[in-house]
Structures are given as structure tokens and as C-alpha cells.
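Chain X is fixed; fit chain Y onto it per the hints.
Here's the letter readout for the chains.
2 protein chains.
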Amino acid sequence: MAVAKFIYDTSERSADLFYATRFTVHDPIIFFEWRGKSYLVLNDLEIDRGKREAKVDRVLPFASYLKKLQAKGAKPRLIDILHRVFSDFHIRRLQVPRSTSFALVDALRKKGYRVEAGPDPFFPERSVKTVSEVSAIEASQRVTFAAIDHARTLLQRSRVRRGRIVYRNAVLTSERLREYISVFLLEHGMNAVNPPIVSCGIQSCDGHEIGHGPLKPHQSIVMDVFPRSLKTFYFGDATRTFCKGRAPDALKRLFATVREGEKLGLQMVRAGRNGRVIHEAIVTFFEKNGFPTGEKEGRIQGFMHGTGHAIGLEVHEEPSRINRYDCTLKRGMVMTVEPGLYYSAIGGVRLEDIAVVNRSGCTVLAHYPKELEIR
Amino acid sequence: MAVAKFIYDTSERSADLFYATRFTVHDPIIFFEWRGKSYLVLNDLEIDRGKREAKVDRVLPFASYLKKLQAKGAKPRLIDILHRVFSDFHIRRLQVPRSTSFALVDALRKKGYRVEAGPDPFFPERSVKTVSEVSAIEASQRVTFAAIDHARTLLQRSRVRRGRIVYRNAVLTSERLREYISVFLLEHGMNAVNPPIVSCGIQSCDGHEIGHGPLKPHQSIVMDVFPRSLKTFYFGDATRTFCKGRAPDALKRLFATVREGEKLGLQMVRAGRNGRVIHEAIVTFFEKNGFPTGEKEGRIQGFMHGTGHAIGLEVHEEPSRINRYDCTLKRGMVMTVEPGLYYSAIGGVRLEDIAVVNRSGCTVLAHYPKELEIR
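Residue numbers (our numbering), protein chains in the order written: chain X, 27 to 401; chain Y, 27 to 401.
Take the hints with a grain of salt, since some may be wrong.
Which copy is meant is left open, because identical chains are indistinguishable; a pair holds if it fits in one copy or across any two.
Below 27 Å or equal to it, Euclidean Cα-Cα: the simulated DSSO-like pairs (lysine-lysine) are [as the list claims (entries may be wrong)]: (1) K31 x K136; (2) K322 x K93; (3) K322 x K94; (4) K77 x K356.
In case anyone wonders, no lab produced these hints; they're calculated from the structure.
Source: prediction; values computed, not measured.
Pulled out of the complex, with its shape left as it was, chain X reads as follows:
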């Protein structure tokens, strides 16, 4: 029995939907792919724009299905509309994204549909980027680095005064630097959907702590920026670690080790490679250089996160942790390499670049120096 691919979601939440339609909507819409053709069912609010913009074969009017059902005296719910649409096409079996609402799937099954989970990403071809997708990501990454450079320049123009970093006569905080980065991104056609991480010293050891309060001199400042292009919707994702003032020797060693670890990771990336192998090589390299990973003083220290994730229309695409599922890297996949080391006594250091996987290696998309100290 033939299977229709079906999505009911918004283009914000479902990158798969956007991928398939290149259409942006705030409210959930009905998309399906059946016998080689793609369809959207849109309400009056969206239908004109949909016909103009959506890259689907046909746009069907939600309102006319609604009217037909209302004419029968019914008070149609979403499931009734879906049933009507699918019946018209003789669709009985559906493949849906794993994230699909169980309430909707329960309702479909009750109507007799066979519903099964599709792959993740829902369109597997999404994980292999086309040339134009790679250049969209590269363009996003270029702006991401420009934003980091902007922040670096502000740190450079700042002065160290009484244990604080002062820019334009005001103490520089995580919040303020984050704002400068976010504004820069907007002015360059990108949006920090989630606020960039600007976290200092001990704060930077805490996974997703975005950072708050005054930035401190002579400590590590981790900047992790992962904005989305307002035009193409593709993400960039880059991390650099700086230190305003004089970095202590331990921090310098930490930084140099992460830099070597990232280099090692990037050198190992190639089609056919198991992601876990790369991760383990970096962990081992860190350990050999005196930076082990494990519990210490009641908390996990060292390299306590993943080595990388695929990126594209989402910051974290599948494989969202290249080391977790024994995933095999594929040619054309775009992924981050982002080792880090975090010790409460020294601070955190993370470096992150993105690369497209080739047959024999990888190509880093956009470049930016890796230097710790800003005097």
C-alpha cells in the first residue's frame, strides 16, 4: 500500500516543512506528498501567498473542504478536514515526523489510517546539503564570525579597571556584549533566535549558561553565536574563546590544547568516518595532555559535551550528536566540530567551526583566527 508523507506543523517548528515547501507560516498547515506530487492545504489567510511562494505542486483551499463539511451540518474539526482531504486522494497510509502530536495520530488511527514514523530528518536528503545550501550556510557563518569579531573589537577597545572590563565608561557585562552581538547580527541580516552565549570564567563551565553579570579580565570569555539568516533561514554556528588582559598559564595551556583538539577533530572528519571515533580521539588527546574528563569535586569536568552536530535549517540537525549514535559521516553533510574543556579552577574554553564533509576530508566554511588574549 502506497504511503503518503504527511506533516501538520508550522514552518518555524518544522524545518522539514520549510525544506519541502520553502514557505513560512506561523500557524500549522497541512502538507502531504503523494504519488510524486506535493500539496499544501491553506486557509484564506495564507492561500494567496502560498500559491505565489510555496514550492509545492498544488495548493488546496482549506475553506472549501470546511464549507463542504459544514454544508452537511457538521462542525468540522481538523481531523474531519484531514479525513476529507485524504479520502479524496484515496490515501490510507501515512508517514509522519516522529515529533507529530500523538493526539493527532490517535485521531487518525481511529479513522482507520495506518500511521508510522518517518526518518529524521523526515526528508533524508536534507542531511546531504546541495551546493546552494552549503553556500547559504557559509554566508551565515561569515556573518557569525563578523559578529564575533565585532565583539572582539569592543573587548580590544575596552580597558581593564579594578577587576572589571570597561567600555565607553560602563562596565562590560555578558548581557551588554550579547546585545552588541545580537544587534550586529540583525544589522547584517541575521537573527539570534536564541541569544548568543557570552559567559565568563566559571560560568562558562556550565553547559548552556548563557552568561550574566560583569565580564572579568584575565579569565576566559566563551562566545557561542548561532544565528539564523532572515533571508535563507540557514544557521551559522561558531564559538571563540577570548581573554581580556593577561591569560594565566593554565588557561593558555587549556586553550592551546582545545585548539589542537579541534584541529585533530577537523583532520579526522571525512565521509565514512564514525563520529564516535572522532570524539574519542579528542577525549584521549585531551587526557594525554593532562586534561581528563570525569567527575571532580562533585561535578563533571573536562570535555563534557558532544563533538559536533549537523547544521542547516536547524542549529541542531540529526545527527545532533555525531558521537552518540555511532553515526557515519556522509559526503555533503555540514557539521560543527566544537571541542571544549571546562575546569572550575581554570574556566572554560570552547572552539567551534563548521565544515562540509568531503570524500577524503572536510572543508571548513568561513574562517576566523583562534587567539585567546586580547590586550
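Leaving out everything else, chain Y in the frame of chain X:
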């Protein structure tokens, strides 16, 4: 049999999760509420911050469940961890948000759990705002209006030249004005998660068209701004319609009618009122004033969207269309009132404010003038 409330999601996607925990995370986490106590299960990356910040009774370490299962030689998946956690608490019956992934629910049911859909919002108390929630929304709305005022000022300082609006020697476009608004928001502690709508003339008739290209003088410019506070995470949502230059008489009449319609809507809001009644009163009022709603020249014209929606930690909270489900307004609900009229021959006009529902009426949160023309 006792029921545990269970959420597996990120705080970005699930406002319910954030509401229950006040904890922000990028990756999905396990939350449950059982016998009057609330729990989070967090991995190493999040656990320290979770213990510090999350407003739950207990934080459980994901890693220790993982280790216990790995010790048995298993390669545990999420479902195995969940089964282990729930078994420890003797939980057999789960209530989950309707949006929960069917793949996860299927797996839970396979393990013998009874899984049912919870209400929407998952914590029904979310729809009645506390005093501090109302003031968070009001603060967000104040910044939203300030951003609209900022855009208005730019339009005022612009000149009309050869059918274009020129600001600082460059043609003012939807994109540029949107950027000015977004930057202003960031500089005032808010983030336009979704870009503001700045759409002109005929474009503004197209539901969710966010607007593009040069803004035109003597036409309507709809600005719909709905940013989220970076601090409280509560949204603002406001729309004003302007016209740079001389508004044609038809546009003036359209504007005056929408303004009266919005006033009528706000006057009708009170606890116990059916949302559909408000919507129908506005539609009728518009029709009586010569602005009917319905198909015209092959497209829906007039007042073709909902009158309002609840707002809080999401832009659109349930009831997401107060007129659609015969919903009864409740005291303490915060909602938008946003009538609009759209005719391809005149352009679009929408006005939107937010109000908290009282016993005998409503209180508008923050205020901003409603004037069409900017000379």
C-alpha cells in the same frame, strides 16, 4: 489510579515546561509532577544550573540512571531511562501535552503505560495570569509600543520623493524598518523571535506577509510587533497602521472604522463573555459601515482573521482564536483585540492592543495613540 503529568521537551518549544520550571534549556529534558511534587531529570551539562535555577522540588541525574542501565550491559535509549525513572516512582499512568511526539507515546504504551492527553495549556492555571505575569506582559507591551513609536519617528523624519519614502538619503523599505524595530527591541531587552510585520498597501492584505521592498507614501503601512522579553520571556503584541503622506479618503474611512471596531471589541471584553459574540459584533459593525467580509474578486476581503488570542509565554496561547471555539473569557486572562480590514483596492488596516479581562470589563496594558497619517 494516580496520574503523573509528564513533559519531554525543550523550554523553547514548550512554554508549559518553562511555566512549570522557570528553567531554560535548548535540548529536551524530562519533567514530571507526581503526588504533589515536581521533578526534572537533567544530564551532566545542565544539572548544576538546574539545581540552582529550576523551580522544581527535585532534580534527578540522568547520568546515574544511564549508568545503572549500562551496568546491566544495555545500550539504553530514552524510553529505557523513562521506564527506569517511572518504575522507581511506581508511575503507571501519564498525562502529557497534546503536542507530545507520537513515537514517544507509542514507546511508552508498548511498555504498558496508560498515556492520555492533558489540557491545553497543560497547566490550566496558565491561562489566568498572576499579578506578576500581568506586569511582565505590560512591561513587554510598553517596549513593543516604544519600538513602534521609534519606527513612527523614522517615518516622520523621512521625506516623500518620487513615490518613495526616503530616510537618511536611502529608500525606506519594509526590511530596513523591520531591522530598525528589531534592533530597538534588542537594545531594550526584547527579542523579535519572529520578525515584525512591516507591510505596505496591497501587501498588508495578505495575512502573514511580513512585507518586503520599498514602502510607499500615501498608502497604509501595517506594523505588527510581537517580541519576547529576554528576561521574563513574556510576549508583547501590538499593531498600528500608519500612512506616510496624505491618506486617501477611502483609507481614512477604513482606519476610522477599524478604530471604532477595536473600541467596540475592547468595550465588550469582560469575564463570562463568549469570544465569538465579540467577533460577530465587530464583523456586523464593519458591514453596517460599508465594509463587508467575504469573497471579492476571487479572494477573501474584509475582516478575514480572528479578533484575538490569549498571550503570555507564547504569542498565541489557548484560546488562540477567541472567536473560533465559543470560548468564554475568564477573569485574569490576557488577550489581544486586533480587528482589521483588508481590501485590495484600499489596502489593509489593523489595530491591536492587549488587555487583561476583569469581572466587569478589561484593562488595556500600556497605551499608544491610534493615528493614521504621518506628515
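How the hints compare with the structure:
Taking CA atoms no more than 27 Å apart as the test, K31 paired with K136 passes in both settings, with 19 Å inside one copy and 24 Å between copies. When the C-alpha separation of K322 and K93 is checked against a cutoff of 27 Å, the pair qualifies only between copies, where the shortest distance is 17 Å, while the shortest distance within a copy is 65 Å. In this assembly of identical chains, K322 and K94 lie within 27 Å of each other by CA distance solely across copies; the values are 20 Å between and 66 Å within a copy. Proximity of K77 and K356 under a CA criterion of 27 Å is satisfied in neither setting, with 35 Å inside one chain copy and 39 Å between copies.
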